Amino acid sequence: MLFKVAWRNIWRNTTRSLVVIASVAAGLLAGMFLIAFFQGFVKQDVNNAVEAQLAHIQIHNPAFGDDKDVNDTITNASAIVEKLRKDVNVKSVSGRAITMGMISSSSTASGVEIHGVNPGDEKNISSISQNVVEGVYFDGKKNEIVIGKKLADKLGVKLHNKIVLTFQSKSGDLTAGSFRIAGIFRSRNSAFDEMTVFTNFDDVAQLLGTGNGIHEIAILLKDGQKVDTLAAGYKSQYPKLLVQTWGEIEPEMGLLTGLMDQMMYIIMGIILLALMFGIINTMLMAVLERQREFGMLMAIGMNKPRVFIMVMLESIMLTCVGIPIGILLTIGIVDYFAKYGINMSAFSKALSQFGVGNYVYPELHSSMFLSVTIMTAITAILSAIYPAYKALQFKPAVAIHQI
Amino acid sequence: MYFRLAWRNMWRSRRRTLITISSIFFAVIFAILMRVMMVGVFDRMISDTVSMSCGYIQIHHTGYWDNRSIDSTMEESPKLTSLLNNEKQIISWVPRLETFALASSGEQTKGIMLMGIEPAKEDSVSKLSKKIIAGKYLADSDKGIMLAEGLATYLKLKVNDTVILLGQGYEGSMAAGKYPIKGIARLPIPDMNKAMAWLPMKSSRDFSSTGARYTSISIMIQDRDKVDEVKQSIIKQEPGYEVMTWQEMLPELDQTFQAKMGQNVIMSGILYMVIAFGIFGTILMMLNERMHEFGILIAIGMKKGILARVVVMEMILMSVVGTLLGMIGAFPIVLYFRLHPIHMGGSWAQVAAKFNFQPIIQPSMDLHHFIIQGYAVLSIAIVLSLYAIFKIHKIKAIEAINS
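Order-wise, the sequence lines are chains A and B.
Heads up: the first sequence begins at 53 in my numbering, then just goes up one per residue.
Heads up: the second sequence begins at 874 in my numbering, then just goes up one per residue.
Check each hint, because a few of them may be wrong.
[What the hints assert, rightly or not] DEER-style ranges, computed between Cβ atoms: (1) B/Lys1003 / A/Lys138: 33 to 39 Å; (2) A/Lys391 / B/Lys1003: 35 to 41 Å; (3) A/Asn141 / B/Met1238: 50 to 56 Å.
[Unchecked claim] Simulated pairs of lysine-lysine, DSBU-like, Cα-Cα distance not exceeding 35 Å: (4) A/Lys206 / B/Lys1269; (5) B/Lys1099 / A/Lys201; (6) A/Lys210 / B/Lys1104; (7) B/Lys961 / A/Lys201; (8) B/Lys1177 / B/Lys1000; (9) B/Lys983 / A/Lys210; (10) B/Lys1051 / B/Lys983; (11) B/Lys1109 / A/Lys442; (12) A/Lys56 / B/Lys1269; (13) A/Lys206 / B/Lys1067; (14) B/Lys1133 / B/Lys952; (15) A/Lys206 / B/Lys1075; (16) B/Lys1003 / A/Lys274; (17) A/Lys222 / B/Lys983; (18) B/Lys1133 / A/Lys391; (19) B/Lys1264 / A/Lys292; (20) A/Lys206 / A/Lys287; (21) B/Lys1000 / A/Lys206; (22) B/Lys1177 / B/Lys961; (23) A/Lys56 / B/Lys1264; (24) A/Lys201 / A/Lys143.
No lab work stands behind these hints, which were simulated from the structure alone.
All values derive from a computational prediction rather than experimental measurement.
Idealized CB from N, CA, C, for every residue including glycine.
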């Protein structure tokens, strides 16, 4: 009975109801969009790191570690690479020869990590080839090198200049080679740009004396979500090798994601509080406006608990209508931005100089719907309590005479 | 006349006025809280990082920053000293004599960053004495040296052991010295922890035979936003030096900061949307409630244009009052959190430890955030109240009276 009365009350004054419904829908939209935006932002950070430098999975000789000793190559590497290439879950594979060395121009020198790569393979695994701002990503000539913009500035060198790489060969002697700069890249990570240079695998392997020995196998998967299960599979397949996911190589990335989560909950809290006060005010206005009506109801014998339950029921119903509307709105808006992206460079001058990769694509996971819906519903219903309580304070005799 | 009508209307229904004002009041408080919290987080990251490394502003001999040569030092200048002591924005400043050197324990040798400091003054800027984990902090007249923890571990040295330093001195002279280890400090940034050593200024000058010279002066200032002003004022009063701000010395930190600020614009946008719905709900309810009154006014000959003007005037009055009260009301809340910062745990604390800032959220007390947020909410409220004009023009007197 009360249920029916409450339902009819809602539609008796549509403007009032629509305002509350819209507030709930807006609150839900705000919460969901915020989470989707944060997820997209974090994912973009991770993707940038994965695509530019880490790949999904890396395989090393366990002894290679921090020292990056030239002798610690992966045994049977070529066979492993060929096998991975045929794996259905793997998008691309690249075998790299890696060594620490010194790069010197005529004016100054700097320490770098030298990556000997097969440009054809490397193009499919790392986005660096798309970030070349001057020159090209390998021309097919001998002794070419691709370096970061930051390093080029530090060394005071330009495209096509010659630089010298010095490092320790397999036999322990210092060896040096002269390389011509074929391309200059600029990624989003300037520390990486300063520390990493790329050369042809064969050129560096010849100087190192390692033949076709590979220090690092980088694997890009078709589906990044499966990284943990697939890595576990490779671990049991190659028990003598060190198989690491990007998360294990760079634990900071995981930490940053956690920090973003905490920040998101704080902001979410502020937004829900703002929503709460918005709804309290509207409901309070609605209840006070209906003084006469409540007075009348009480005068003809409706008891206080019933009035309270009626007002609460109305709020719950309004919330129930608002939530699906909010969800539909969210799906529509998030889908739009997931397709076209939010251009962050419009808000930040520093980002605009990067050009590509400044779009954030918000992401919705179905698991988020439930938690945000519950939080919004609780907020909406909590905000109805005070106005409903207020309705109980009316004295029928006075209330009836209100206009 | 309109004003008087509006004013009296406001007081006629205090309850309604109070609700409308409170909706704006809370909106302003939330907008301010969110902004000062976010700004506070970044202020903390920047000030902690900057104070541990280069300071907000550094003064060098022209050209020092690019080649970091010990020859590019500057002489002590009483004129510069008095200028720095008299500039109001400057809280503290420290001279430093930085040079590269080789540190050796006899068996192990490592390239290090040797920093000559005035211990007491330095401590007030970078709180170095709090980082001591063994032995004691340096005193001005000490003959000893202080090493970073990672460096001491690498050299396998303990407090009271002796370390040998070799390096290049002033104008090509040879620098060499033997120093007992007085203390060991643990720095949070791994790269610095592996490579830093400190000598008191006098020993350091003797080591590199520079005489009364130093490589840089680090300056801490009160208000981060004034950093360019202070820089210009130093250049104007004392030309002939290289004056750099933290943005120029740590471009990565500045970039990160700018990128996060872009994210903040989106989050503020979401909050404003929720706020707008809250205020709009209140305005809509208010208009709804007064339909009867408007109907009668129009019926007795009040022009709709004048009525609309009076109503909008009322709303503006209430918005202004709400905004002012909100700005005042936010102050004690912000002050409370300023004095009792929120301590964060979990991955926030881990990231903070990793990147060397305290894991706390301490809101900014900068008044211009209060004013800007107040202004933003006030604008939203005033734009929304224009809806009243539209609504009033649509009124049909007969229907309105009977509503």
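To see whether the hints hold, each was checked on the structure:
{"no.": "1", "hint": "B/Lys1003 / A/Lys138: 33 to 39 Å", "in the structure": "violated (57 Å)"}
{"no.": "2", "hint": "A/Lys391 / B/Lys1003: 35 to 41 Å", "in the structure": "violated (51 Å)"}
{"no.": "3", "hint": "A/Asn141 / B/Met1238: 50 to 56 Å", "in the structure": "holds (54 Å)"}
{"no.": "4", "hint": "A/Lys206 / B/Lys1269", "in the structure": "violated (75 Å)"}
{"no.": "5", "hint": "B/Lys1099 / A/Lys201", "in the structure": "holds (31 Å)"}
{"no.": "6", "hint": "A/Lys210 / B/Lys1104", "in the structure": "holds (32 Å)"}
{"no.": "7", "hint": "B/Lys961 / A/Lys201", "in the structure": "violated (40 Å)"}
{"no.": "8", "hint": "B/Lys1177 / B/Lys1000", "in the structure": "violated (68 Å)"}
{"no.": "9", "hint": "B/Lys983 / A/Lys210", "in the structure": "holds (32 Å)"}
{"no.": "10", "hint": "B/Lys1051 / B/Lys983", "in the structure": "holds (15 Å)"}
{"no.": "11", "hint": "B/Lys1109 / A/Lys442", "in the structure": "violated (65 Å)"}
{"no.": "12", "hint": "A/Lys56 / B/Lys1269", "in the structure": "holds (32 Å)"}
{"no.": "13", "hint": "A/Lys206 / B/Lys1067", "in the structure": "holds (23 Å)"}
{"no.": "14", "hint": "B/Lys1133 / B/Lys952", "in the structure": "violated (40 Å)"}
{"no.": "15", "hint": "A/Lys206 / B/Lys1075", "in the structure": "holds (32 Å)"}
{"no.": "16", "hint": "B/Lys1003 / A/Lys274", "in the structure": "violated (49 Å)"}
{"no.": "17", "hint": "A/Lys222 / B/Lys983", "in the structure": "holds (23 Å)"}
{"no.": "18", "hint": "B/Lys1133 / A/Lys391", "in the structure": "holds (23 Å)"}
{"no.": "19", "hint": "B/Lys1264 / A/Lys292", "in the structure": "violated (77 Å)"}
{"no.": "20", "hint": "A/Lys206 / A/Lys287", "in the structure": "violated (40 Å)"}
{"no.": "21", "hint": "B/Lys1000 / A/Lys206", "in the structure": "holds (32 Å)"}
{"no.": "22", "hint": "B/Lys1177 / B/Lys961", "in the structure": "violated (58 Å)"}
{"no.": "23", "hint": "A/Lys56 / B/Lys1264", "in the structure": "holds (31 Å)"}
{"no.": "24", "hint": "A/Lys201 / A/Lys143", "in the structure": "holds (29 Å)"}
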